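*Asks:* Listed below are the residues making up each chain.
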Amino acid sequence: MFKLLKKISGRKKKGKSIQSNNTLDEQKNKRDQSISQNIDDNIDFIKSIYQFPDNRDVKFREFKVGGSNKRVAIIFISSITDVRTIEDSSIRPLLENKEPNLDIKGIISTQNVTIFPNMKDVVSNINTGNAVIFLEDDSNAYVFECANFQGRAVEKAENEVIIKGSKEALTEKVVVNLSLIRKRIKNEALMAESVTISERSQNEIYILYVRNLADDQLVDNIKNRLKNLDVDSIQNLALLEQYIEERRMSLFPSLLYSERPDRAAAFLEDGHVVLLMDNSPDALILPATFWSFFHTPEDHYLRFVFGNFARIIRIVAMFITIFISAIYVAVTSFHSEMIPADLLLAIAGSREKVPFPVFFEIILMEAAFELIREAGLRVPNPMGPTIGIVGALVLGQAAVEANIISPIVIIVVALSGLTSFTISDISLQFALRIIRFLFIAAAGIFGIFGMTALFVMGIFYLVSLKSFGVPFLAPMSPHYVSSGDTIFRRVITNENFRPGYLKPDDLKKKGDGATK
Amino acid sequence: MKQTEGKIGIREYTAIIMLSVGTKLTDDTPTVLFNSAKNSAWISLILIALLSIVPIWFLVKVFSVHQDKNLHDLNVYLFGKVLGHIISVGMLAFGFSALVLDSAIYVDIISSMYFTKTPSIAIYVVLVIVCGYGAKRGLQHIGSTAWLTLFYLKITLLFALAFAFYKGNTKLIFPLWGPGYWEIVKTAGSKMSIFADFYYLGIIAPMIDSFKSFKKGAFVAFAVVVPEILLALMIYVMLFDFTSIEVISYPFHEMILYISIGFLTNVETFFLPFWLVAAFVRFAFYFYLVLILFGAIFKIKEYEYLVPVISILVIFLGVFPKSAAFTIPGLREWMLTILSPMFFLLPCFMWLIAKVRGDFKNETSAQKN
Chain A
1 MFKLLKKISG RKKKGKSIQS NNTLDEQKNK RDQSISQNID DNIDFIKSIY QFPDNRDVKF
61 REFKVGGSNK RVAIIFISSI TDVRTIEDSS IRPLLENKEP NLDIKGIIST QNVTIFPNMK
121 DVVSNINTGN AVIFLEDDSN AYVFECANFQ GRAVEKAENE VIIKGSKEAL TEKVVVNLSL
181 IRKRIKNEAL MAESVTISER SQNEIYILYV RNLADDQLVD NIKNRLKNLD VDSIQNLALL
241 EQYIEERRMS LFPSLLYSER PDRAAAFLED GHVVLLMDNS PDALILPATF WSFFHTPEDH
301 YLRFVFGNFA RIIRIVAMFI TIFISAIYVA VTSFHSEMIP ADLLLAIAGS REKVPFPVFF
361 EIILMEAAFE LIREAGLRVP NPMGPTIGIV GALVLGQAAV EANIISPIVI IVVALSGLTS
421 FTISDISLQF ALRIIRFLFI AAAGIFGIFG MTALFVMGIF YLVSLKSFGV PFLAPMSPHY
481 VSSGDTIFRR VITNENFRPG YLKPDDLKKK GDGATK
Chain B
1001 MKQTEGKIGI REYTAIIMLS VGTKLTDDTP TVLFNSAKNS AWISLILIAL LSIVPIWFLV
1061 KVFSVHQDKN LHDLNVYLFG KVLGHIISVG MLAFGFSALV LDSAIYVDII SSMYFTKTPS
1121 IAIYVVLVIV CGYGAKRGLQ HIGSTAWLTL FYLKITLLFA LAFAFYKGNT KLIFPLWGPG
1181 YWEIVKTAGS KMSIFADFYY LGIIAPMIDS FKSFKKGAFV AFAVVVPEIL LALMIYVMLF
1241 DFTSIEVISY PFHEMILYIS IGFLTNVETF FLPFWLVAAF VRFAFYFYLV LILFGAIFKI
1301 KEYEYLVPVI SILVIFLGVF PKSAAFTIPG LREWMLTILS PMFFLLPCFM WLIAKVRGDF
1361 KNETSAQKN
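As they're listed, the protein sequences go chains A and B.
Here our numbering is used: the first residue of the first sequence is 1, the next is one more, and so on.
Here our numbering is used: the first residue of the second sequence is 1001, the next is one more, and so on.
Please keep in mind that the hints were generated in silico from the structure rather than gathered at the bench.
Keep in mind that this is a model prediction, so the values were computed, not measured.
If a hint is listed, it holds; no wrong ones were tucked in.
Listed below are several chain B residues computed to face chain A (Cβ distance under 8 Å; list not exhaustive):
id, residue
1, Leu1148
2, Leu1264
3, Thr1269
Okay, derived cross-link-like pairs now, DMTMM-like style, lysine to aspartate or glutamate, Cα gap no bigger than 20 Å in a straight line:
id, chain 1, residue 1, chain 2, residue 2
4, A, Lys105, A, Glu62
5, A, Lys64, A, Asp137
6, B, Lys1117, A, Glu337
7, A, Lys503, B, Asp1209
Quick reminder that beta carbons are idealized off the backbone N, C-alpha and C, glycines included.
Turn these sequences into a full structure, and let the hints guide you.
*Replies:* Okay, structure coming up:
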């Protein structure tokens, strides 16, 4: 029967295939040729590829070298190169050269000069901001690095704010990000391999890991996954995350997205793999467990007691944000005997004039809160404070005075909204916000029984999740050797294991204190 | 580090047993004991525990030389193809009835004690959906869930028992021998199958990461569960006295109705979610056992597809009796009585046959592996 159903559903899917020109292949074929001896041919070819006069920022500089009187052409895209470098280290030395024998490598004074025999590489180098030199009667092209993409400087972290510890955040330039991470791990074993993942836009991704810590299999697995991508363009890590994760429909994230270089470095030192990319002011850390979304780097920067206090606050906040609205619904509509008599009278009194059932009241207010939140996020800066005032006054005070909402519901919803901000990871925050509505629905239908049923199902689901082979709730269950950093952390000198679920090459982490 | 795909560690395994056997103190099992042994039910429990060690020990002994076989394989291997299959099918029948009867009782508890207005079939459907989902996810995930929640469940249980202890009257335990020695022994003999779960553990024996964990886990869980139930039985008597304890169907739930914590006078709803989690885990595990045993006997590799069928069967059979509160405890008591001699004798026979066959000669070499 299932086969029949499959057949029926399969048949429907077969529609007309979409007609499309494969312009990418055309483009590829065009540039796949070797460099000619004739410099004019080469220049004409590049001009035709870049549609020269129309493409305004592609620059050609032709002149004769002083000594040997040979023709030279320098080609680059001015918007992504450092024009100063080109002038100082190639054009001027070439013009002022007096030697009869022309040796390009000896004249250009940049850090490296590479020789390429075919046009494909030449074009891709020009596209990545390097300059190319063609020489008369030479079938090689000389390429030197002078890329200078514009971007912002290193700024303060804005989404993962901490009080104690480094304030730097990653930026959109991958070179800067690499430098920020290398600043923290000064070790030759820190690898930064690069893979080009997209065909059209040639987006490049950096895979960072510490060679003698990270598990080779894990690194290979990630590399393979990246190589298997067959896409035109992936602009940044936020998009890449959705391409490489295992469960695309899942509520829970399986890769950790962080804007803090110190966090990335800490994970690297534990044997994780970090992905960096141009245009992404963040790092993608994998594999990720539930705990990595729940933690902040400050938990470790603060002293043992303070860090754990923060953790307690956060886990309580997490429970409040998921459960408080649902509990209010369940208790008031199914288990009112649970509430002490005075409080029950207070609730009943405040609800006296409200015409809606509790369930509807809570849903209304939660939806209003989500609206304020989304609006507050999208509102242009100068209008920001207005939204707060309008939201708080109109939707809160006025709704109560109009007897649409009881004041206790305002407290409950405000609490559940406020506490959701304690989770700094945006993906987990979204997950919790959605789960909250599921719990409210469960509580509305079956009270505490429905909530518990949903909770147990959620745990069953949560323990079955995996991120690159690592169970989502490891090392708590299934158990692995680790420094036990889950809900609570240990004293720093006792955190002397790397997480066992990563199968790191070196499990033991040295961490003895100065005093015993 | 040692984690291998599809196998569970000792933590998860022990947690499953502790939850699935431990929750028995919260349903009508105590009532079954109180019925005949009156206020000395706890003494008969001690007897049951002592008696149960024998079959468990024999079972572990047999598994020590057949570490890669599950209970069904072992039945076929030891008793021959025909008898082995008959025994396994019998086990399946009992396992399935336990799933149906116990879940029917839990549904009855929920609908009669907490959700009097909700139709019990709705409660049943939710219960079975959750447990079926867990069973489909597999043993690893049931185990992980059990381990993650175990600590909180036991803590709340301890709280409930502690508060009840302060409310109770210690003198009510006396007369110590209640209805007389003979009654106590008789109860112990006929109701010892409350620990028959341990026999069913053989089904998942090859799915535990090592034989050592299997053995240690079973005994650790046994050592935790027995005092727990013992304590509960004593506290029930102290709280209700033996005359009323026979009439109360679900003493645990009556008990949490009795206690109050500070300004909270009605705390039963506070304990409800914790008890429910334990119940869900327990039935997910029973469900899984039935599934895997069914799959093993009838050679069905992809037994996950049986989940919807078994779910529907459980719901219909469970809802079928007209007045669950009266018929099902009777059926359950009857089942416990039949199962008791089987639970005691089967492992002994298994051990005996294995001994006659000479399986234990390789024991030393097998244990080294």
